[in-house]
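Peer 1: Adding 334 to a residue's 1-based position in the sequence shown gives its number in my numbering.
In case anyone wonders, no lab produced these hints; they're calculated from the structure. Model, not experiment: these values are computed from the prediction. Certain hints may be false.
To be verified - Quick list of simulated restraints, FRET-style, between CB atoms:
| no. | residue 1 | residue 2 | range |
| --- | --- | --- | --- |
| 1 | A475 | E349 | 30 to 40 Å |
| 2 | E356 | G420 | 49 to 59 Å |
| 3 | D337 | Q367 | 12 to 22 Å |
| 4 | P357 | P478 | 35 to 45 Å |
| 5 | N455 | D354 | 33 to 43 Å |
| 6 | P456 | D417 | 18 to 28 Å |
To be verified - Derived SDA-like pairs (lysine to any residue); straight-line CA-CA distance at most 20 Å:
| no. | residue 1 | residue 2 |
| --- | --- | --- |
| 7 | K485 | L422 |
| 8 | K492 | G469 |
| 9 | K492 | L471 |
Where a beta carbon is used, it is the ideal one built from N, C-alpha and C, also for glycine.
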Amino acid sequence: MSDTSITIHFVLNGEPVSADIEPHQTILDVLRQRFALYGARESCGQGLCGCCTVLVNGESVSGCLYLAAMADGGEVVTVEHLDANGQLDPVQQAFIECGAFQCGFCTSGFILMSHQLLDRNPDPTDAEIRHYLSGNLCRCAAYPEIIAAVKLAARMRKEVLA
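Whenever a hint applies, use it, and build me the whole structure from the sequences.
Peer 2: In structure tokens form, the structure reads like this:
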């Protein structure tokens, strides 16, 4: 590390961590380089595609633009944290069952955003799903399957709560 490095502390996927970073490093860089979490990926580098989505303090952010220093004292959640005790999250399971991916490059961003959507709106319409996920791009055009997966995940979540 250089003379300009700083140490940040945050909760990562439920565990307290710290990292020595350079002030210019993004949270995506830190997650991939320091913690070997590769679910979020950089694609556009401009915060336009959603491939690098992570949750910081409960809000989705473009990891390619979000400075890691801003996460100091906060909570960061990645797609790797959605499963519990070896069981996939309903959104993850629904994406598999609906084949809501082709190459898979954008899938982690879509899964995190869908998870956040269902936390906020447990029974979204197709239009609400499209609007909420409009910041995520799928170059393979798996959009019909993604919408079907979100609807299936909503039903699966209801069954768990019933």
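Peer 1: Now tell me, hint by hint, if it's right for this structure.
Peer 2: Right, here's what the structure says about each hint:
| no. | hint | in the structure |
| --- | --- | --- |
| 1 | A475 <-> E349: 30 to 40 Å | holds (37 Å) |
| 2 | E356 <-> G420: 49 to 59 Å | violated (36 Å) |
| 3 | D337 <-> Q367: 12 to 22 Å | holds (19 Å) |
| 4 | P357 <-> P478: 35 to 45 Å | holds (43 Å) |
| 5 | N455 <-> D354: 33 to 43 Å | holds (39 Å) |
| 6 | P456 <-> D417: 18 to 28 Å | holds (20 Å) |
| 7 | K485 <-> L422 | holds (16 Å) |
| 8 | K492 <-> G469 | violated (26 Å) |
| 9 | K492 <-> L471 | violated (27 Å) |
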